[in-house]
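Q: Residues per chain are reported as follows:
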Amino acid sequence: MKRIISLTVNNRAGVMNRITGLFMKRQYNIESITVGHAETPDISRMTFVVNVECETKLEQVIKQLHKQIDVLKVQDITDQKIVARELALIKVMTQTPQTRGELFSLIEPFRATVVDVSTSSLTIEVTGNPDKIDALIELLRPFGIKELSRTGVTALTRGTQKLETETKPFSIIN
Amino acid sequence: MAANLKVENKTETAKKKMTGAEILIESLKRENVEVIFGYPGGAALPIYDALYGKSIKHILTRHEQGAIHAAEGYARVSGKPGVVLATSGPGATNLVTGIADAMLDSLPLVILTGQVGTNVIGTDAFQETDVISITMPITKHNYQVRDVKDMPRIVKEAFHIASTGRPGPVLIDIPKDIATSEAVFEYPETVHLPGYQPTIVPNQMQIKKVVAAIKKAKKPVILCGAGVIFAKAHEELRKFSEVTNIPVVSTLHGLGAMPYNHEQYVGMAGMHGIYAANMALYECDLLINIGSRFDDRLTGNLKHFAPKATVVHIDIDPAEIGKNVETHIPVVGDAKEALKALLNEIEQSFSFPEWNAHLKEYQKEYPLWYKQEGDELKPQKVIEIVHELTKGEAIVTTDVGQHQMWAAQYYGFKEPNLLVTSGGLGTMGFGVPAAIGAHMANPGRPCISIVGDAGFQMTNQELSIIKQYNLPIKIIIINNFSLGMVRQWQQLFYEERYSESLVPVQPDFVKLADAFGIEGVRIESPAEAEKVLKKVIESDGPVLVDCRVTADENVYPMIAPGSGSHEMIGVKPL
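Keeping their order, the protein sequence lines are chains R and L. Position one of the first sequence corresponds to residue 1 (the numbering used here), numbered consecutively onward. Position one of the second sequence corresponds to residue 175 (the numbering used here), numbered consecutively onward.
Now the in silico label distances, taken between C-beta atoms and shown as ranges: (1) L/D470 to R/P109: 47 to 57 Å; (2) L/L476 to R/S120: 53 to 63 Å; (3) L/K406 to R/G159: 45 to 55 Å; (4) R/M16 to L/Y226: 37 to 47 Å; (5) L/V417 to R/M16: 47 to 57 Å; (6) R/N29 to L/G216: 40 to 50 Å; (7) R/N17 to L/E669: 41 to 51 Å; (8) R/T119 to L/N293: 41 to 51 Å; (9) L/F655 to R/A13: 44 to 54 Å; (10) L/H366 to R/C54: 30 to 40 Å; (11) R/K2 to L/E519: 37 to 47 Å.
Computed from the model, here is a short list of chain R residues facing chain L with C-beta under 10 Å: (12) V9; (13) A13; (14) G21; (15) M24; (16) E59; (17) K63; (18) H66; (19) K67; (20) Q68; (21) D70; (22) V71; (23) L72; (24) K73.
No wet-lab data here; the hints were simulated from the structure. All C-beta atoms in this analysis are idealised placements derived from N, C-alpha and C, irrespective of residue type, glycine included.
Just chain L, same shape as in the assembly (with noise of 0.2 Å):
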């Protein structure tokens, strides 16, 4: 009698009433959450005073799009899901450009906003937007609240839609009167989504014809995309690379899961890609790619892109096979699982030592270049000594632009999970929020942020960040004083008509730092660089390194647009 008196004592307990905010506190941390990015406001108010003396760490960004970056670069680092909080109206729309940027580049999120009251929602009310419909398109799924009792189900399947499958942001928008109005408590165990069912081990069928490809193939070629390094699948790569003896290319986000240095690896494909990379892409007679989507800023014009071979697109995403180049085996499934079933498949060993030592003297022939000049600090150089410092082996987050290729191109990624850049939206101040995040998910690594003197000033503001928790970000400016990559395009297909791409007064960026509380250094020479940053990367703290380099150097090689990726320019100094 008294035993059945505590059980139900017990589920009296379990089942105790909890207004929505706490509810969806609670499920956070059923999914194990340890960070949430934010930024508070009137319609998160609830939310905030749930989420105040929990376990849950906030991190108050001092701009949302500084969090929505941090959870991004947190997401990437980390492979789970980041979380965003914020509030509604303007709140809400300035995540905009973190989810499309996370939309695009397949970043698990979870985003929570808050919103007007539902009696309110549809009057124009203070600080209301629709931010379901503004966020439609640039998410996998997003939800508004309705009723309190399907806060559970709905933050359950947030995580899942997230983290499954292709990675995407979700969104859950909060009604002011939801999360404060009460319901029990039940998390549920498992997620019910018919319309949502991801294909993760491949047809055999299809692994087969890989295979009988491959015993065809005299120029076979592996791209390796972003989709590699998310099923953590680089291990899988390396070897199915070693057994085939297939030259691996990377694409930008594939970067690190083919170690810079191996034996197979030939480099980066693309707009800025090596030579000998995109000759690969060229020539070959059988394409394998693993997870990517074929970006236009990777394949060039179209008509010119692997035209001679078949090729094979393995995706976890059905819609991505045949999207932008004709398929000839389709492969839908997870990259793990499909490298684990072409490693069983494969009974042979295979070697194209022709095809191989023919790239090999390409990468020879066409090296990536640029040149000393004086006493000038080139910006591949700074790039080159943090390599030689880090040895490869540190995170790096940047901007978009020069600064992002150069560091693409220079800095030899050894493992993957290290480059946290903004590939497809191409997002300027995506760098050092970026950065925020990506410590915190792996903090024992070095973290390096390299961006250009204009990104920077979208986003600095996030520097009291770094200097409130002190994290040892070094934060390393690209400064040319212009819009780097847009100056380029002038030069080239502009005539040298540089509208509004030169930047000559910006503010001292030392001064800057220092007004963070950070230290700042700058340095203009080569034998400066050498010296000063390895004092840097040695250091404890943050630091800001304002690296004064040739203001009009060039990114190359380079597949100007409209051309294909046979047609580089500047494959050799000029």
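Okay, chain R solo, but in the shape it has when bound (with noise of 0.2 Å):
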């Protein structure tokens, strides 16, 4: 099951390193990073997507990374009311004007927008939850994609509902 947990973390060299090396060294999978400063200075936020078999090894997931000292707080956010968002950035083929036409329609309805066009190419900003850029990308494929760059899902809690800061402090079966 896919998972997204929010950290934050002391915004120290090599806290990034820590962390993958945890998920290596558990053998947890990571689908996505992103990482960058939070509301204060010395504090960055990262927003893992990871995908685990089970509630215990997310138990375990979130335990170790609360036992790593420059890890501040962990969430996993996925069951909370959230704002989860991704930007994509995709390169498509356009050999005649009718295409560049049917592409600037095609997007439109995704709130995307062209950031470079070029003779034989268009390249598309699109930004949103990670479903909604899987199917623009469905959309765009017949059309020949060159490039593509996702950046990975960053979230924040929406409102001010109740945080579930800490580590739910017992094993689950309890």
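Assembling the complex is the task here: the two chains are given apart, and the hints tell you how they should meet.
A: Below is the structure:
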């Protein structure tokens, strides 16, 4: 099952290495990672999408992350009300002017924009939840996707709902 | 006016600039470090210079691995962080085995490594190694000092992290230029680590649940792990088991928390534990694990581990709870605090006469056994004699393998902090250097290093230290001319194909001891053992004893790999 895990960490050298090393050591599969500054300067927010086979494994992921001294907060936000967004840049072949027009109308409902144009290609930027991006990519595939780059999911919980901050102190069975 | 001037002067001196290396040494003093185990080298020269003539004792081991195992022995016996100092590159990489060992056995260490200057880091400079990346997965935390001003804070945090919560090794990497650049020394009084807040006092609700579970139980058992010893909770444990009448089973690292001859003590469980202890785990309906991480060498096949039990797991590290064994009542906290809370919560005394009698029956029916054949010297006999001579009160260090298991089985430990062994990582060559640190931590105790002939050859250069400081350590080599445990597994599970496990050629250990200036003796029969070992134990100086034991003796009983704890083999004389 895919879970979205949000971390706040000390913004220090090697922290990324610590976290990915931990995933490697414990054999957890990472689907995507995004990292960037959080609201305070010395803190970064990381958003992981991990693929875990069961609850026990998920519990372990969270507990092991929590054990890292540079990790300040760990949350599995998958089941909370969240805003999850991903950005993709998609370079599509445009052999004829018709394709161009077709592409423009096709991407419009996705609120995607064209950010670069050349004689033989267009680069489209799209932001949204991963499903939406998947859908657009599938639509564009017949035109010939030359290059594709996705950022991975970044996410925040909505509004001011009560945060389930700490790891559950107890085992899942209880 | 004059008074004011004086105060100003005082602050002036207090704010004198010091080099990074001096700050480091001063910080170590503030942490009450008595001894450093280490080995100098290029990048560590400024630190060694700052150490020159200072009150902190430095033990120059003959290999960095010796230094870190000695520090582990020191940490294990004293409960205080062991401090190691090595240079960059090979100095640091030679520490890796010991760091991993300390990580798995939760030993508090502060490891200081020299590093090439910050201006050349990343250029593959002479003796440069990315020690931070190398040790990231095998340390509780690690630091590279990038600004000399951070030095005191980092040292303070390192000692705090190493010695609190679940103890572990913390490494500080110190680039050469940081050690020589200057700053004002101010040692912080507190640490500020928002990401590190171990839970010490357990949740009272959970404690109540444990007591309720005891009330319901018919066959409860306590599993005592190293956490009890680290928390200095052995007295509380004994009291708890006496009040509740619950029998206690120990892990390898829990040995000594309960005196071996205590009425409520069943014995060590695990791969080479005694039958009664493993059956107690198998048959129990309530398992109270205090400070053990349910290692696979303890549990055997998890499918058959405590299958009927409600599992209580008391651990200071929440990540251990539910990791290997499903837990019904998790209790996060320090073992001492948890046991105190349990003792407070219990209003009645309990009694489980049938269950205790049942386990006593197992103990009687399936005791440890070995067959004395002719005049052969049995390894078990050697340990038994050592136990008798030291009354179960000596510090015993071991390597890993057969001799380690025999030491655990036959050396009845009367008190905690006596067994110093490499449990998690299973490091050969651990015993002799660990004995050096262990002895220094508690010089009043006799210190016996029981090692195998193979493991001994991995770190025997440290005999130099034993000689240099005239440490009265007795080294007992259980010599079977083989890598005994490997040989045993090949015999039992690889159709007696002894691939690279027999070592027919070895040095004359008595002469080797002599070369180091240490007395060496050889014993080959039980009668000789009785006579010679008595003299050895009573002697004031270090002695090496080469015990020529039955070469193909196996460790029994045993849970074969893949089997459950109820499926032990060799429970009765074969």
